[in-house]
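The listed protein sequences correspond, in order, to chains A and B. Here UniProt numbering is used: the first residue of the first sequence is 1, the next is one more, and so on. Here UniProt numbering is used: the first residue of the second sequence is 1, the next is one more, and so on.
Calculated directly from the structure, the hints in this document are not laboratory data. Note that the structure is a prediction, hence the values are computed from the model and not measured. Worth double-checking, as some hints may not be accurate.
Which copy is meant is left open, because identical chains are indistinguishable; a pair holds if it fits in one copy or across any two.
[Stated by the list, open to error] Dumping the calculated SDA-like pairs for lysine to any residue here, alpha-carbon to alpha-carbon at most 20 Å:
#1 LYS187 <-> GLY235
#2 LYS279 <-> GLN269
#3 LYS279 <-> ASN246
#4 LYS279 <-> GLY69
#5 LYS279 <-> ARG290
#6 LYS279 <-> GLY245
#7 LYS279 <-> ILE267
#8 LYS48 <-> LEU345
#9 LYS279 <-> TYR28
#10 LYS96 <-> ALA351
Number of protein chains: 2
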Amino acid sequence: MAEVVEGSSEVVVVRNKQVVLKDYVNGYPKESDMVVTSDATIRLELPKNEGGVILSKNLYLSCDPYMRGRMNTTSKGRYTSSFTPGLPICGYGVAKVLESTRHEFNKGDLISGLINWEEYSLITNPESLMKIQHTDFPLSYYTGILGMPGLTSYVGFYEICLPKKGDTVFVSAASGAVGQLVGQFAKLSGCYVVGSAGSKEKVDLLKNNFGFDEAFNYKEERDLDAALKRYFPDGIDIYFENVGGNMLDAVLCNMRLHGRIAVCGMISQYNLNQHQGIKNLVFLILKRIRMEGFLVIDYHHLYPKFFEMILPLIQEGKITYVEDTVEGLENAPAALVGLFSGKNLGKQVVAIAHE
Amino acid sequence: MAEVVEGSSEVVVVRNKQVVLKDYVNGYPKESDMVVTSDATIRLELPKNEGGVILSKNLYLSCDPYMRGRMNTTSKGRYTSSFTPGLPICGYGVAKVLESTRHEFNKGDLISGLINWEEYSLITNPESLMKIQHTDFPLSYYTGILGMPGLTSYVGFYEICLPKKGDTVFVSAASGAVGQLVGQFAKLSGCYVVGSAGSKEKVDLLKNNFGFDEAFNYKEERDLDAALKRYFPDGIDIYFENVGGNMLDAVLCNMRLHGRIAVCGMISQYNLNQHQGIKNLVFLILKRIRMEGFLVIDYHHLYPKFFEMILPLIQEGKITYVEDTVEGLENAPAALVGLFSGKNLGKQVVAIAHE
Chain A
1 MAEVVEGSSE VVVVRNKQVV LKDYVNGYPK ESDMVVTSDA TIRLELPKNE
51 GGVILSKNLY LSCDPYMRGR MNTTSKGRYT SSFTPGLPIC GYGVAKVLES
101 TRHEFNKGDL ISGLINWEEY SLITNPESLM KIQHTDFPLS YYTGILGMPG
151 LTSYVGFYEI CLPKKGDTVF VSAASGAVGQ LVGQFAKLSG CYVVGSAGSK
201 EKVDLLKNNF GFDEAFNYKE ERDLDAALKR YFPDGIDIYF ENVGGNMLDA
251 VLCNMRLHGR IAVCGMISQY NLNQHQGIKN LVFLILKRIR MEGFLVIDYH
301 HLYPKFFEMI LPLIQEGKIT YVEDTVEGLE NAPAALVGLF SGKNLGKQVV
351 AIAHE
Chain B
1 MAEVVEGSSE VVVVRNKQVV LKDYVNGYPK ESDMVVTSDA TIRLELPKNE
51 GGVILSKNLY LSCDPYMRGR MNTTSKGRYT SSFTPGLPIC GYGVAKVLES
101 TRHEFNKGDL ISGLINWEEY SLITNPESLM KIQHTDFPLS YYTGILGMPG
151 LTSYVGFYEI CLPKKGDTVF VSAASGAVGQ LVGQFAKLSG CYVVGSAGSK
201 EKVDLLKNNF GFDEAFNYKE ERDLDAALKR YFPDGIDIYF ENVGGNMLDA
251 VLCNMRLHGR IAVCGMISQY NLNQHQGIKN LVFLILKRIR MEGFLVIDYH
301 HLYPKFFEMI LPLIQEGKIT YVEDTVEGLE NAPAALVGLF SGKNLGKQVV
351 AIAHE
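Bound-form chain A, shown alone (with noise of 0.2 Å):
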């Protein structure tokens, strides 16, 4: 509950608990990086003669590994700008209208897009922002499976992996808030697929609860190419990356002929000063094979079709999506830092308030 600073029967000041990013990042972020601090206040009510502001009491974060790359220094080749020090961090969220003097939203809707790390926020950009239709379903799935990571899957999987009835597949990853849905979509369509991750506990996961055909522990195999060769005797069509790194040369390895690699993300990648450097690109050559990089921004126009798949998938129990969700800003830093040694099991998810 937030604590009342000064109100009167209409209008309330109120503490603004935030995380705030405490300088840019050198290397693996850790929890002392940001700091949660209740020194703001915010009024909850829209200020008098400014328009198309929206005043939101926020539910649910997504915790991301691109966000890595916001608390660079420089911004210099990325998509996003970087994260202001002194300044509350952002990112994908679910929140509510309190207020609002946009003619799209109104007061009691609830809204999804790029939300400030704080319970309360005046929101005056509020382009990313889309209206949520179907509240019939947990609103922190925003975040994952009806949010950026689940377009992402489809778009990886779908538009750029183009997958064909008996392909093999391979997700590295693949319990993460992504991979756990390409690994479905990938029986969806007739593929073998196969998982890596980094404990037993996820191995399992993606073996009982995604339905994965095998699955395994990359942290306990010391030659990744031949634990690949072992799940794909024949090879790989399509490899679905989200880590990079040893685990990329590997399968280069191991690709077959005309395969196709998604290249979503590079989370071994992103806290390293310098990058790996990947030795065995010439198999693109050899094996014909198309890698693609992509974001889902440009790829927002698709939401509706990838609704009208999902949600029926998720009404039928045919798609399953595992949450691992934190209470509480304070523990915020923690999630978020988390995901870079891996300690979500599935989507990390923090809950600032359920409605």
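Once you have looked at the hints, place chain B on chain A.
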């Protein structure tokens, strides 16, 4: 003139000069890895009771970078088998049919395809051979502009790079058998094109003969990233990759959104036991780049379409082709080895005989 070893009025046996691989090659190939020998003889008559055989007099041989791979001890992961030490090496070439029991080929036909590096051949596996239909062009062109390198440049540029008018195009190894054509295709498509090569003479060729907008000597650039930024202040839409290594890493930093990289070759890497690591692949994501390897052997069905385009262009003088021809099999090892230090100025050809 071949030395007659044994002969009657109708049949002669002659010495058959050959370029023989001594042993598998490790690292950079040397002239001494091959031996030019006249130990073998050949009877200039087809063996009796043997069908489907061609006796050829070999005219022109093509020196191509991919041949380096065939000198390795293992053909693992490759699309071609290794050469056999003690036997002549083999490559694309042009020959004249002396006798044939294959119905597709008749005495006097000119043919192109895979041919042993020797003066005469008894060809028992003519699957790669095509009859040369258009003999009003220099026959050596069938090792280059009208042969495998020509189709390679056509396929790589038009089918893989999907050029649009106004695109910015970068070609490495740009004065070579493939690069010089890619640059000219780019100009014909209304693109801005820059090439890199390894000498002043080659750079001049690019600008003065092939119409590249700009060209530079990569050996004189301390900082390839800075060189590319000089010629592509707004980035590169299309990269036609012939070299790999440091150049690829520099290009990745300079690609534009939705750029395309056709991976045709990586000549800088073929003689290394361990390939250089490519560190900037994260730009595939940030810039949504498609990087696609290809091999011309998958596109032989496009020869008619390619000829339909290229033959008039040559006849009308709208496209030009520079060859670097050495005379005689005894100079062939040096010519082949010279590819890897960039000695050739244009397409490297070996002329054994001019019909």
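Going through the hints against the structure:
1. LYS187 <-> GLY235: So LYS187 and GLY235 pass the 20 Å test inside one copy only (18 Å; across, 40 Å).
2. LYS279 <-> GLN269: Both. Shortest intra-copy (15 Å) and inter-copy (10 Å) distances satisfy the 20 Å Cα cut-off.
3. LYS279 <-> ASN246: both (9 Å within a copy, 12 Å between copies)
4. LYS279 <-> GLY69: between (24 Å within a copy, 16 Å between copies)
5. LYS279 <-> ARG290: both (17 Å within a copy, 18 Å between copies)
6. LYS279 <-> GLY245: Both ways: LYS279 and GLY245 sit 10 Å apart in one copy and 9 Å across, limit 20 Å.
7. LYS279 <-> ILE267: Intra 18 Å, inter 14 Å, cutoff 20 Å: intra and inter.
8. LYS48 <-> LEU345: Classified as neither: same-chain Cα gap 45 Å, cross-chain 74 Å, threshold 20 Å.
9. LYS279 <-> TYR28: Only across copies: LYS279 and TYR28 sit 18 Å apart there, 24 Å inside one copy, limit 20 Å.
10. LYS96 <-> ALA351: within (13 Å within a copy, 78 Å between copies)
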